[in-house]
Amino acid sequence: MQLHINTYGAYVHVKDQMFEIRVPDEKKTAKSHLAAHKVKSIIMATGTALSTDAIKLAMMHNVDILFIEQYGKPIGRVWHSKLGSTTKIRKAQLVASMNVTGVKWVKEWVLTKVDNQIQFIKDLRKHRKQHHEFMDEKIGQIENLYLSIQELQGEVVSDIADTLRGLEGTSGRLYFETLSKLLAKEYQFAGRSSRPAQNPFNAFLNYAYGMLYGKVERTLILAGLDPYLGFLHRDDYNQLSFVFDFIEPYRIYAETVVFRLFSAKKVNQGHTDKITKGYSLNQEGKQLLVTAFNDYTEEATIRYRGRNQTRSNAMLMDARTFANSLIAPVVENTIK
Amino acid sequence: MIVWVLYDIEEDKARTKIAKACKQAGLYRVQYSVFLGTLTTNEKDSLTLQIKGLMDEDRDKVYIFPMSKDELRQTELLGQAFDKKLVTDEIKALFY
Chain A
1 MQLHINTYGA
11 YVHVKDQMFE
21 IRVPDEKKTA
31 KSHLAAHKVK
41 SIIMATGTAL
51 STDAIKLAMM
61 HNVDILFIEQ
71 YGKPIGRVWH
81 SKLGSTTKIR
91 KAQLVASMNV
101 TGVKWVKEWV
111 LTKVDNQIQF
121 IKDLRKHRKQ
131 HHEFMDEKIG
141 QIENLYLSIQ
151 ELQGEVVSDI
161 ADTLRGLEGT
171 SGRLYFETLS
181 KLLAKEYQFA
191 GRSSRPAQNP
201 FNAFLNYAYG
211 MLYGKVERTL
221 ILAGLDPYLG
231 FLHRDDYNQL
241 SFVFDFIEPY
251 RIYAETVVFR
261 LFSAKKVNQG
271 HTDKITKGYS
281 LNQEGKQLLV
291 TAFNDYTEEA
301 TIRYRGRNQT
311 RSNAMLMDAR
321 TFANSLIAPV
331 VENTIK
Chain B
1001 MIVWVLYDIE
1011 EDKARTKIAK
1021 ACKQAGLYRV
1031 QYSVFLGTLT
1041 TNEKDSLTLQ
1051 IKGLMDEDRD
1061 KVYIFPMSKD
1071 ELRQTELLGQ
1081 AFDKKLVTDE
1091 IKALFY
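Line by line, the protein sequences are chains A and B. Using my numbering, you'd call the opening residue of the first sequence number 1 and step up by one each time. Using my numbering, you'd call the opening residue of the second sequence number 1001 and step up by one each time.
These aren't lab readings, by the way, just hints derived from the structure by calculation. Be aware that a few hints might be false.
Claimed, not checked - With a straight-line Cα cutoff of 20 Å, these simulated PhoX-like cross-link-like pairs (lysine-lysine) come out:
#1 A:Lys-38 / B:Lys-1044
#2 B:Lys-1023 / A:Lys-31
#3 B:Lys-1092 / A:Lys-38
#4 A:Lys-274 / A:Lys-185
#5 B:Lys-1061 / A:Lys-38
#6 A:Lys-15 / B:Lys-1017
#7 A:Lys-129 / A:Lys-185
#8 A:Lys-40 / B:Lys-1061
#9 B:Lys-1061 / A:Lys-15
#10 B:Lys-1085 / A:Lys-38
#11 B:Lys-1085 / B:Lys-1052
#12 B:Lys-1017 / A:Lys-31
#13 B:Lys-1023 / B:Lys-1085
#14 B:Lys-1044 / B:Lys-1061
#15 A:Lys-15 / A:Lys-31
#16 A:Lys-40 / B:Lys-1013
#17 B:Lys-1061 / B:Lys-1017
#18 B:Lys-1013 / A:Lys-38
#19 A:Lys-40 / A:Lys-91
Let the sequences and hints guide you as you build the complete structure.
Listed below in structure tokens is the structure:
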């Protein structure tokens, strides 16, 4: 299971070879013990503490420790220093980032993302007769962008990077405009916003993307890929980040979970706090979102390559397929 | 499988050690001398051996019962009872 340490002053350390979590309270400190092998990851928010022995115990049991900032974005992780797989993969990844293979994959990931957006809107369209005209217009526009992306040609990623980012951005704008329109009046939003989010929907979405980012990074390490050897997308420090490339086809997971929470009216005013210049997800909101996100990615199964798989597993299989295609380029592979 | 461990141990030191062994194996304390949780067959076997080494076989009593998920579902829990989802490892995230 995942341990989410959010309370200010909470302390994770080791007692009798188990994780002990101390949460300070006004009267007394509450302690809980958990066997190390039952824990899969520990997510530490800012304002909490961790002992080096706890890190050691985590490393011994392959427990992933993730540090996140207030809005859910991961700022670092502790992971044992072994590679997930052979170094050959990283070398091949570097080569691919500089040739036409990179172009092919970058296009494929972005196309999958845009296609996911189209399919999601089409799916929502089935039960929203009153919005058909509006939705059809947006679907048409996004489909045109899809075709434009498909036609991009280049020898290296930088040949098409600017145009691709532009098309991708436009598609995203149209997509979120559509999602907003389908929400209840009080939850509609004007585009994406972060640090801080300007509205509850974005607060939820930012946190969900943050969780997804952590998951993708872990997946890439497991598959032997380098999370920082990016092809197209840049992180906050304007450095290329492979996580931001590979995450594209899976952003729909975060969006679906968040949209469903809002459209099913599971979210209320009590889940977000109004902060200076925006909104932030509070403890209750985090619990609601984390539980829904885990159910969607770790519990529910989808039919994938002839087997019932969780979405998390399917993602790992995709990453492995990609890694293997880099070191054995003869085999033709696709994302889906 | 779901495993119940119930014991009567006379000596304090041995009792503390057995309780610790149960917790380390991944069981949850649902009552003073009752532990419950999900274990693999191997984990159950090694816990059994561990307890056997700690207890006094002439005086103490320990029961280790397996239970199926179906049976747990039919179990009646009254009052301040444990969380069925926690002991079956269905809870995927804990918040502190």
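Holds or violated: are the alpha carbons of Lys-1061 (chain B) and Lys-38 (chain A) at most 20 Å from each other? violated (28 Å)
Can you confirm whether the C-alpha distance between Lys-40 (chain A) and Lys-1013 (chain B) stays at or below 20 Å? Violated, at roughly 32 Å.
Starting from Lys-274 (chain A), check that the Cα of Lys-185 (chain A) is at most 20 Å away, please. Distance of about 18 Å is within 20 Å: holds.
Need the status of pair Lys-40 (chain A), Lys-1061 (chain B): alpha-carbon distance at most 20 Å? violated (34 Å)
Decide if the proposed pair is consistent with the structure: Lys-1023 (chain B) and Lys-31 (chain A), CA atoms, cutoff 20 Å inclusive. Holds: Lys-1023 (chain B) and Lys-31 (chain A) sit about 14 Å apart, inside 20 Å.
20 Å Cα cutoff - pair Lys-1044 (chain B), Lys-1061 (chain B): holds (17 Å)
Does the alpha-carbon distance linking Lys-38 (chain A) and Lys-1044 (chain B) stay inside the 20 Å limit? It holds: about 15 Å lies between the C-alpha atoms, which stays within 20 Å.
Given the hinted pair Lys-1061 (chain B) and Lys-1017 (chain B), is their alpha-carbon gap at most 20 Å? Measuring from Cα to Cα gives roughly 15 Å; hence the hint holds.
Decide if the proposed pair is consistent with the structure: Lys-1061 (chain B) and Lys-15 (chain A), CA atoms, cutoff 20 Å inclusive. The given pair, whose Cα atoms are some 27 Å apart, is violated under the 20 Å limit.
With the threshold set at 20 Å, check whether the alpha-carbon distance from Lys-1023 (chain B) to Lys-1085 (chain B) stays at or below it. The given pair, whose Cα atoms are some 17 Å apart, holds under the 20 Å limit.
Quickly compare the C-alpha distance for Lys-15 (chain A) and Lys-31 (chain A) to 20 Å and report which way the hint goes. Satisfied, since the Cα-Cα distance of roughly 11 Å is no more than 20 Å.
Between Lys-40 (chain A) and Lys-91 (chain A), does the CA-CA distance stay at or below 20 Å? Given pair Lys-40 (chain A), Lys-91 (chain A) is violated - Cα atoms ~30 Å apart, limit 20 Å.
Taken one by one, the earlier hints fail for this structure at numbers 5, 8, 9, 11, 16, 18, 19, listed in ascending order.
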